[in-house]
Amino acid sequence: IQNSVIYANSLFALGMFCDSASINSNLVKPMRPVIYTALFVKDKEELLRYFSPAHDNFYADHITLKFRPENIDDLVVGREHFVEIIGRVQNENGDALIVECPLLENKHPHLTLSCADGIKPFYSNGLVENAIKYNTAEYLKEKLRIVCVEGYFDGENVIIKQWKKKSQNFWVGMELLQF
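Numbering of the sequence shown is given in the numbering used here, commencing with residue 6 and proceeding in unit increments.
These aren't lab readings, by the way, just hints derived from the structure by calculation. Keep in mind it's a predicted model, so treat the numbers as computed, not measured. One or more hints might be untrue.
Okay, derived cross-link-like pairs now, DSBU-like style, lysine-lysine, Cα gap no bigger than 30 Å in a straight line [stated by the list, open to error]:
hint: 1; residue 1: K138; residue 2: K71
hint: 2; residue 1: K71; residue 2: K47
hint: 3; residue 1: K125; residue 2: K47
hint: 4; residue 1: K148; residue 2: K47
hint: 5; residue 1: K138; residue 2: K148
hint: 6; residue 1: K166; residue 2: K125
hint: 7; residue 1: K146; residue 2: K166
hint: 8; residue 1: K71; residue 2: K166
hint: 9; residue 1: K148; residue 2: K49
hint: 10; residue 1: K71; residue 2: K148
hint: 11; residue 1: K112; residue 2: K138
hint: 12; residue 1: K148; residue 2: K112
hint: 13; residue 1: K146; residue 2: K47
hint: 14; residue 1: K71; residue 2: K112
hint: 15; residue 1: K49; residue 2: K125
hint: 16; residue 1: K148; residue 2: K166
hint: 17; residue 1: K148; residue 2: K125
hint: 18; residue 1: K138; residue 2: K125
hint: 19; residue 1: K112; residue 2: K47
hint: 20; residue 1: K49; residue 2: K138
hint: 21; residue 1: K166; residue 2: K112
hint: 22; residue 1: K112; residue 2: K49
hint: 23; residue 1: K49; residue 2: K166
hint: 24; residue 1: K71; residue 2: K125
hint: 25; residue 1: K166; residue 2: K138
hint: 26; residue 1: K49; residue 2: K146
hint: 27; residue 1: K112; residue 2: K146
hint: 28; residue 1: K47; residue 2: K166
Make the full structure from the sequences, and use the hints.
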């Protein structure tokens, strides 16, 4: 990861990663289409201290804000938010945490904790919706607050940090995190 950051920063410094057309409000625009915007969990280990995953495929990495957004003009990459975990839903296929945060517009905001083999993380959407609809969700006695970072996923990298351009000729880059 460290080498990716240095490499990306070097390309920006050389002006090879973007041109003046890709700059809006002094911020670097995404080079690839954005798959989703999200709040990315800052400390997954903290979640593991409180919640053991029910399945082998552990995710617990993000809470989706928008899937395939038309633009990300309202996104503040790198801004931190408190998210409160208020409940949990699990069955033989999925395991999700129900969350609250003023920024979240989803009808049933959640964080996919884990899934069974062959089950994709988006399974949690229906899992949480049905648990709320049929009143089968397990709610916590006390809310758990975690820190998440606003960012996006471009199909290859999670982008959670972005810098403003230093001058018209020099750029610094985005922090690239890989799953």
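Original post:
Looking at the structure, which of the earlier hints fail to hold?
Top reply: 7, 25
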